[in-house]
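*Asks:* Read off the chains here:
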Amino acid sequence: MTDNQEQLIKEAVEKALQGDMDAVNNIEDRVTRSKAKAALVKAKREAAKTSAEPSSKEKSEESGSESKPAPQSPNQQFAGIIASRFPKTVDEELSSETHIQLQSEKWLDIAQYLRDDPACLFDSLQCITGVDLGEDVGLEVRYNLHSMTHRHVIEIRIACAGKNPKIPSVEAVWRIGDWFERETYDMFGIEFQGHRDLRRILLPDDWEGWPLRKDYEVQETYHGIVVPKVKEGWE
Amino acid sequence: MGVFENKFQDNVVVASLDKLLGWARSTSPWFFQFGLACCAIEMMATAASRHDLMRIGMIPRSSPRQADVMIVAGTVTMKMSLRVKKLYEQMANPKYVIAMGSCATSGGPYWQHGYHVLKGVDLVVPVDVYVPGCPPRPESLIEGLLKLQEKIQSERPLTRKTA
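Going line by line, the protein sequences match chains A and B.
-19 is the number of the first residue of the first sequence in this note's numbering; add one for each residue after it.
14 is the number of the first residue of the second sequence in this note's numbering; add one for each residue after it.
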């Protein structure tokens, strides 16, 4: 990019941030115009970040000084309950108002507690999701819990790193977990320890590999049937 | 019919046995009733009263032993492909296969990224007629079936094949 172009984009973005979108729209060169638009989006995001951060800090300070705490989301509320009952299991840094990040070691005990405690009564496991967050972070399992009695909902996330990820099974706690865990095992190869019947559920038993992992390589043949890999001339 | 013309009384038809067999086979190709995906809905619509497959002599049979034609209607997964092959092998000769829709002909929308989808049913069983479409309308399927009937009629099962 030439200096001239950069200068043009900078000026246009500044004008646009003040409300004059024509400055961007009137750039004649198509490439420069799209670059200017991208720069504008970036600038707007940064502006939103810097304005949001101090305000949230202020809020937490305010709620700390007042006697009434700010209304918590169920996730924050139950993160506190779990942390007091099972110390060192909740990862405070990674938990937020949308989910609770747990360590995997005591997960079975926590699950039992969440289902049976009268204040929690999470009698319904609604979904188990496996996520591959890439090489650096590894795999993660997410549980969506719901209580029919109290009608509260939480999401629990448990990371399981490594090539042979393992996690305690909650199939004995919530019976529906049986198939959910089998599906997650089928797609991600996460071993649910303590599961009574951990087999593949969708793919055939003799399938090789874990299809939803980022590093999945499709097998070349299946029972002598060729799986074409390179498809040139398509699209 | 050449030398036999008018040699017999009324109500006697003279034909070569090859043609007679072709006529009998092509006018009652009973099809194997099984659907795999959305194409099966169109196949059902074809068999239902508006398009009425029975007028071209086709009746759904639920057993491969009684069927002449297998309409592969839908996406064939790798897991299913072994079953499709087994069902084809259970059918009695002569047997025919119609690959209905783009999934059965080539893998269709799963061509590039469907790791578990068979890229065309012709990889496991021999296909006689391909019907394109996603899914094909009943008219297309009927067109394919009529083409298959033409093919069956043109066969000469009793004629010795010379290399």
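Hint data in this document are derived by calculation from the structure and do not stem from the laboratory.
One or more of the hints may lead you astray.
Stated by the list, open to error - Partial chain A-side listing against chain B, Cβ under 7 Å, derived:
id, residue
1, P184
2, W190
3, L192
4, V198
5, G204
Heads up, the beta-carbon is just placed ideally off N, CA and C, and yes, glycines get one too.
*Asks:* Work down the list of hints and note, for each, if the structure agrees.
*Replies:* Verification of the hints:
no. : hint : verdict
1   : P184 : 5 Å, holds
2   : W190 : 11 Å, violated
3   : L192 : 10 Å, violated
4   : V198 : 5 Å, holds
5   : G204 : 9 Å, violated
Of the hints listed earlier, those the structure fails to meet are numbers 2, 3, 5, in rising order.
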